[in-house]
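Assemble the whole structure, with the sequences as input and the hints as a guide.
Chain residues, written in single-letter form:
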Amino acid sequence: MGLARLIALQAPAGALGMVPARGGPMRDLSPLTDEALMFRWRDGDLDAFRALYGRHRARLHRYILRMTGALAEAEEVFQEVWMGVVRSRESWSPTAAFRTWLFAIANRRLADRSRKRARRFHEVFARPVDDESIVLPPSSDPDPAEATHAAELGRALLAALGALPAEQRQAFLLQAEGGLSLEEIAEATGVGRETVKSRLRYANQRLRRELEAWR
Amino acid sequence: MTGPETHGPEHHDGVDPGLAALYRAAAVETPRAETDMAVLNGAAAELRRRRYAPWMALVASLLLAVLLVPALSQRRAPPVDPAAVDQYLMQVQTPLAPAADPVEALLLEAPSPVVEAGL
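Same order as they appear, the protein sequences are chains Z and L.
Position 199 of the first sequence, counting from 1, maps to 199 under the working numbering, and the rest follow consecutively.
Counting from 1 along the second sequence, just add 1000 to a position and that's the residue number in the working numbering.
Among the clues, some could well be false.
Pulled a few chain L residues facing chain Z out of the computed Cβ check, cut under 10 Å [said to hold, decoys possible]:
1. 1022
2. 1026
3. 1031
4. 1038
5. 1040
A few chain Z positions that, by computed beta-carbon distances, are all more than 10 Å from chain L [what the hints assert, rightly or not]:
6. 31
7. 32
8. 35
9. 44
10. 58
11. 78
12. 95
13. 104
14. 105
15. 112
16. 154
17. 176
18. 191
Where chain L lies over chain Z, by a calculated footprint (3+ residues, C-beta under 8 Å) [said to hold, decoys possible]:
19. 45 to 56
20. 60 to 72
21. 80 to 88
22. 156 to 165
23. 200 to 214
Source of the hints: derived by calculation from the structure; they are not laboratory data.
None of these values were measured; they are calculated from a predicted model.
Glycine included, every Cβ here is placed at the ideal spot set by N, Cα and C.
As structure tokens, this is what we get:
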């Protein structure tokens, strides 16, 4: 099965859906950049925050989910991160891209949690992802065999991802889920660009090896 | 059935577009509706708090003033009664008859036996 076909089977419907404003139609803020929206939020524009949230909620949620490995904990961290965005609206300055800043907050929250548990950062992040937290969408493919294969392949990829070493999984997710560049990943994780590149290479090699059985 | 196209050429920056696309197709979880509401309500509450904070401080100050002013007023001396003042002054200013001689004073206090006898 080709990749395009697989994507068509499993494309998320409304995964980045906007959250409608209460009490009236939402203004069209889609042309604005994240940073412009953040400036508006800093000035007290709640719709700007809603637009920002709608843009990044799903990818940030999935990132945290795959780093924590547990849905309940992921929801808590997710809320903490967004409350951090809410509270820092007046002190925010565009020293980095909003997306990089957002994922950096998430990384700090995840690290805080690991410290509270008196565990080492790497031990927490190395936990495999709980299979029950992985929710695959019902496929609309009319061919049951193809649908089953697509679902199994997706499950295999996510399981392989959960088994990656923490730093490799983090780098892969920030690139694939967050859409961050090497430089942005380096900034969000506090390591050098070459280190990120190396982690990504190892992650890709291992994932490809794990998926060889599905070829 | 062929396998996934996840082994394509890797970009020079370490990105494997095939794997990333495969991941994005497979990972579709979204936050729960309750979580969305919690975040958005939290943002709205924060905005209200900041927006009304100066007014709340002003109202609190006024309320404090309203409560404190009468309380402080009650601590002052009660109003003076002019009649009581006059009475006091009368007592102070009236000179007492000095007893010039102690013996005479005793005689004045003790009834004289001669006077009692009517002699």
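Okay, the hints, checked on the actual structure:
{"no.": "1", "hint": "1022", "in the structure": "holds (6 Å)"}
{"no.": "2", "hint": "1026", "in the structure": "holds (3 Å)"}
{"no.": "3", "hint": "1031", "in the structure": "holds (5 Å)"}
{"no.": "4", "hint": "1038", "in the structure": "holds (6 Å)"}
{"no.": "5", "hint": "1040", "in the structure": "holds (6 Å)"}
{"no.": "6", "hint": "31", "in the structure": "holds (22 Å)"}
{"no.": "7", "hint": "32", "in the structure": "holds (17 Å)"}
{"no.": "8", "hint": "35", "in the structure": "holds (18 Å)"}
{"no.": "9", "hint": "44", "in the structure": "violated (6 Å)"}
{"no.": "10", "hint": "58", "in the structure": "violated (5 Å)"}
{"no.": "11", "hint": "78", "in the structure": "violated (6 Å)"}
{"no.": "12", "hint": "95", "in the structure": "holds (22 Å)"}
{"no.": "13", "hint": "104", "in the structure": "holds (18 Å)"}
{"no.": "14", "hint": "105", "in the structure": "holds (13 Å)"}
{"no.": "15", "hint": "112", "in the structure": "holds (19 Å)"}
{"no.": "16", "hint": "154", "in the structure": "violated (3 Å)"}
{"no.": "17", "hint": "176", "in the structure": "violated (4 Å)"}
{"no.": "18", "hint": "191", "in the structure": "holds (13 Å)"}
{"no.": "19", "hint": "45 to 56", "in the structure": "holds (count 4)"}
{"no.": "20", "hint": "60 to 72", "in the structure": "holds (count 4)"}
{"no.": "21", "hint": "80 to 88", "in the structure": "holds (count 4)"}
{"no.": "22", "hint": "156 to 165", "in the structure": "holds (count 3)"}
{"no.": "23", "hint": "200 to 214", "in the structure": "holds (count 8)"}
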